[in-house]
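> Letter by letter, the chains look like this.
Number of protein chains: 2
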Amino acid sequence: MTSPLAAGDLDATERLRRAEADQPSSPVARFGADEPLLLDSGAVLAPWQIAYTTDGTLNADRSNAVLVCHALTGDQYVTTPNPVTGKPGWWTRMVGPGRPVDTDRFFVICANVLGGCLGTTGPASTDPQTGAPYALNLPMITIPDMVRAQAMLIDRLGIDTLFCVVGGSMGGMQVLEWAASYGPRVFSAVPIATGARHSSQNIAFHEVGRQAVMADPDWCGGRYLAEGRNPKKGLAVARMAAHITYMSDQSLHSKFGRNLQDRDKVTFGFEADFQIESYLRHQGMSFVDRFDANSYLYVTRAMDYFDIAARHGDVLARAFRHTRTRFCVVSFTSDWLFPTAESKAVVHALSAAGANVSFVEIDSPKGHDAFLLEEPEMFATVRGFLMGAARARGIPGPAEIAEAPALQRAGA
Amino acid sequence: MTSPLAAGDLDATERLRRAEADQPSSPVARFGADEPLLLDSGAVLAPWQIAYTTDGTLNADRSNAVLVCHALTGDQYVTTPNPVTGKPGWWTRMVGPGRPVDTDRFFVICANVLGGCLGTTGPASTDPQTGAPYALNLPMITIPDMVRAQAMLIDRLGIDTLFCVVGGSMGGMQVLEWAASYGPRVFSAVPIATGARHSSQNIAFHEVGRQAVMADPDWCGGRYLAEGRNPKKGLAVARMAAHITYMSDQSLHSKFGRNLQDRDKVTFGFEADFQIESYLRHQGMSFVDRFDANSYLYVTRAMDYFDIAARHGDVLARAFRHTRTRFCVVSFTSDWLFPTAESKAVVHALSAAGANVSFVEIDSPKGHDAFLLEEPEMFATVRGFLMGAARARGIPGPAEIAEAPALQRAGA
Numbered sequence: 001m002t003s004p005l006a007a008g009d010l011d012a013t014e015r016l017r018r019a020e021a022d023q024p025s026s027p028v029a030r031f032g033a034d035e036p037l038l039l040d041s042g043a044v045l046a047p048w049q050i051a052y053t054t055d056g057t058l059n060a061d062r063s064n065a066v067l068v069c070h071a072l073t074g075d076q077y078v079t080t081p082n083p084v085t086g087k088p089g090w091w092t093r094m095v096g097p098g099r100p101v102d103t104d105r106f107f108v109i110c111a112n113v114l115g116g117c118l119g120t121t122g123p124a125s126t127d128p129q130t131g132a133p134y135a136l137n138l139p140m141i142t143i144p145d146m147v148r149a150q151a152m153l154i155d156r157l158g159i160d161t162l163f164c165v166v167g168g169s170m171g172g173m174q175v176l177e178w179a180a181s182y183g184p185r186v187f188s189a190v191p192i193a194t195g196a197r198h199s200s201q202n203i204a205f206h207e208v209g210r211q212a213v214m215a216d217p218d219w220c221g222g223r224y225l226a227e228g229r230n231p232k233k234g235l236a237v238a239r240m241a242a243h244i245t246y247m248s249d250q251s252l253h254s255k256f257g258r259n260l261q262d263r264d265k266v267t268f269g270f271e272a273d274f275q276i277e278s279y280l281r282h283q284g285m286s287f288v289d290r291f292d293a294n295s296y297l298y299v300t301r302a303m304d305y306f307d308i309a310a311r312h313g314d315v316l317a318r319a320f321r322h323t324r325t326r327f328c329v330v331s332f333t334s335d336w337l338f339p340t341a342e343s344k345a346v347v348h349a350l351s352a353a354g355a356n357v358s359f360v361e362i363d364s365p366k367g368h369d370a371f372l373l374e375e376p377e378m379f380a381t382v383r384g385f386l387m388g389a390a391r392a393r394g395i396p397g398p399a400e401i402a403e404a405p406a407l408q409r410a411g412a
Numbered sequence: 001m002t003s004p005l006a007a008g009d010l011d012a013t014e015r016l017r018r019a020e021a022d023q024p025s026s027p028v029a030r031f032g033a034d035e036p037l038l039l040d041s042g043a044v045l046a047p048w049q050i051a052y053t054t055d056g057t058l059n060a061d062r063s064n065a066v067l068v069c070h071a072l073t074g075d076q077y078v079t080t081p082n083p084v085t086g087k088p089g090w091w092t093r094m095v096g097p098g099r100p101v102d103t104d105r106f107f108v109i110c111a112n113v114l115g116g117c118l119g120t121t122g123p124a125s126t127d128p129q130t131g132a133p134y135a136l137n138l139p140m141i142t143i144p145d146m147v148r149a150q151a152m153l154i155d156r157l158g159i160d161t162l163f164c165v166v167g168g169s170m171g172g173m174q175v176l177e178w179a180a181s182y183g184p185r186v187f188s189a190v191p192i193a194t195g196a197r198h199s200s201q202n203i204a205f206h207e208v209g210r211q212a213v214m215a216d217p218d219w220c221g222g223r224y225l226a227e228g229r230n231p232k233k234g235l236a237v238a239r240m241a242a243h244i245t246y247m248s249d250q251s252l253h254s255k256f257g258r259n260l261q262d263r264d265k266v267t268f269g270f271e272a273d274f275q276i277e278s279y280l281r282h283q284g285m286s287f288v289d290r291f292d293a294n295s296y297l298y299v300t301r302a303m304d305y306f307d308i309a310a311r312h313g314d315v316l317a318r319a320f321r322h323t324r325t326r327f328c329v330v331s332f333t334s335d336w337l338f339p340t341a342e343s344k345a346v347v348h349a350l351s352a353a354g355a356n357v358s359f360v361e362i363d364s365p366k367g368h369d370a371f372l373l374e375e376p377e378m379f380a381t382v383r384g385f386l387m388g389a390a391r392a393r394g395i396p397g398p399a400e401i402a403e404a405p406a407l408q409r410a411g412a
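Chains A and B supply the protein sequences, listed in that same order.
Here the first sequence is numbered in our numbering, starting from 1 and rising by one per residue.
Here the second sequence is numbered in our numbering, starting from 1 and rising by one per residue.
Honestly, the hints are just simulated from the structure, not real lab data.
Take these hints with a grain of salt, some might be off.
In this list, chains with the same sequence are indistinguishable; a pair is considered to hold if it fits within one copy or across any two.
What the hints assert, rightly or not - Heads up, simulated EDC-like pairs for lysine to aspartate or glutamate below, C-alpha to C-alpha not over 20 Å straight-line: (1) 255 <-> 35; (2) 255 <-> 307; (3) 265 <-> 314; (4) 265 <-> 104; (5) 344 <-> 361; (6) 87 <-> 374; (7) 344 <-> 307.
Take these sequences, add in the hints, and give me the full structure.
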């Protein structure tokens with residue numbers, strides 16, 4: 001007898017992930033033909049769906065909702081285990097009881113992005129017109145499209161104004177897009193390790209990744225799901241290249257240096273002699289089962305297209321005119337994917353727009369990925385900012401909640 | 001009637017290049033079974049050959065020879081057109097009549113590296129044991145192996161001491177290796193945009209490139225030449241990723257920014273909407289015909305393995321003990337592949353060894369590739385350094401040569 005999960009050419013993780021595309025383990029909001037999503041490309045998506053998780057309790061006046069936006073290969077499982085990998089939520093350092101984004105105080109929402117592969121409509125989702133996966137028939141997605149979808153989810157949840165929108169990297173792009181396009185609905189915003197546009201170098205790295213995927217014959221012109229294949233090699237190469245950009249020269253040096261992997265001397269061959277090679281190969285291989293190759297194409301493209309200023313006469317400040325949102329912009333010294341200069345450009349624009357903005361550049365050797373890692377100064381910054389904003393918004397603190405738990409929690 | 005060059009699956013450029021592997025257009029020094037090349041791996045290469053070009057005239061006392069070492073994908077055609085691409089020599093800005101490396105004064109030698117594909121023994125060369133291309137049966141090559149081969153060429157040419165060894169990037173690694181292992185034979189050395197070891201980040205980028213090549217089914221486990229195939233897609237992806245590292249964020253931004261390619265607005269698709277994408281695709285595609293995929297694997301590996309200090313008890317200065325070579329070390333501010341810190345480490349080691357060393361960090365936005373580009377300060381630096389060294393070595397200057405041309409030139 002063969003386990004059903006072991007059957008076929010696909011491994012268990014990949015089969016689990018494919019099932020999540022239409023029927024996620026998380027809650028999902030479905031929108032029918034009467035609630036189409038209008039995309040920047042001019043295309044209209046209907047029906048469509050958005051998968052999300054929530055944590056904490058929405059208060060009586062619905063003022064304590066925090067939207068967490070995930071990065072390129074993230075998902076809605078910010079505090080709960082990912083059903084495909086079984087790994088813990090991806091930002092439990094930042095979000096949870098007593099964490100900077102304190103789920104004892106805030107109601108946290110995190111949605112899988114449009115174009116993703118864990119339950120929100122994306123290229124792996126079934127196209128209702130054909131009954132087969134969309135693949136490249138899905139219209140192109142943009143960051144504003146992702147945010148428009150999130151706004152419809154927030155409406156569905158009956159929330160008018162978000163207390164905060166927070167995210168790093170592509171998540172930060174969504175934060176900025178929320179503030180630019182839905183300013184009155186955003187009380188505070190925390191864009192981390194991000195920028196208001198994707199740089200030429202970043203587009204270049206994404207293009208390398210896409211070409212690596214498309215060069216894999218198992219990509220099948222995008223139709224690999226229908227054909228029972230998976231462009232693992234190409235996607236692994238894409239992930240390896242991208243992963244280098246998430247770290248810093250310094251962190252690679254201190255973590256791996258030129259250390260050899262399980263050997264005393266080089267093999268004079270093409271094995272993974274060096275620890276960094278072994279590490280990268282592992283990063284590539286462990287990625288391909290948990291992520292859809294076409295989603296990788298769509299979501300990288302969305303980032304490439306992102307350029308808030310371009311939609312405002314090339315003047316970024318205009319995007320934030322009359323904003324009343326409070327901003328906390330965070331960057332890291334060793335992040336070369338979204339260097340501090342990109343954050344400063346945002347801060348300057350916000351200042352020019354008269355916004356309430358604080359900016360912290362955190363000294364860290366960990367590169368771009370620092371926002372996902374143990375960075376006490378980042379946690380202290382976000383915690384402090386949210387405490388101040390919560391006071392201004394009149395959201396009771398944990399002590400006040402503790403004094404009157406029944407009253408406060410009954411409202412949700 | 002079909003042109004022979006148009007026949008078959010291979011295009012003309014690729015066919016030309018394959019022919020060059022055994023029978024280069026340039027001069028070639030062949031070494032028989034009695035002159036084996038001992039490799040760092042312990043393997044012995046015999047017979048073997050090294051292809052090279054010369055420019056200028058060797059003087060009577062054979063004291064004016066300059067060895068130019070090429071970078072990863074370079075070749076021996078430093079001042080003359082590449083027979084495969086038809087393009088001009090790759091460093092005519094630096095080397096030629098009246099140039100910093102003045103061929104009116106110096107006798108310039110440039111050899112294709114061991115493991116290369118334009119006439120020096122490499123994986124595309126015919127294995128005399130089998131009559132088929134070596135492919136992965138070629139023993140692994142190291143930078144010291146490359147230099148050992150060059151030393152045997154210099155012997156063959158009857159030159160005892162090189163007036164100068166000069167090169168950038170991997171060429172600079174060879175310069176340092178010459179100085180470390182053949183110090184008494186090197187009067188002066190100019191390592192540019194390089195380091196005494198390959199960093200973790202650089203190994204990482206090389207590993208991505210190799211995985212991209214090996215992921216291409218046309219690579220055929222390395223046997224593509226015998227099977228009439230070519231892993232073009234994989235090699236193109238490798239080149240694209242590498243090419244990003246040769247430029248700087250700043251140069252990409254000023255050269256391409258987010259400019260669109262031949263269109264007014266994005267296509268909402270995966271075409272090369274952005275100029276940077278079009279440029280990278282072109283870089284990838286134009287590379288694959290002129291370079292052998294297995295050579296790319298071997299030569300990147302040689303760079304990864306390079307670590308002079310490791311052979312000297314992890315103390316770089318020991319490698320240059322008692323050196324009498326004059327050094328001119330050059331780096332570029334925006335080079336993030338071989339950042340100035342790597343050059344400084346070399347300079348510190350040389351200083352600790354009591355060497356005569358000058359160091360110039362050149363302010364340039366052009367990134368690593370600056371050494372191949374129009375960089376007046378680099379030219380002035382190298383020119384000035386070589387003039388001083390030539391005086392010390394007693395090599396007549398152009399004016400002196402002009403006064404007594406018959407005498408000086410008769411000696412060659």
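> Enumerate the violated hints, using their earlier numbering and listing them in ascending order.
Per hint list: 1 and 4 violated.
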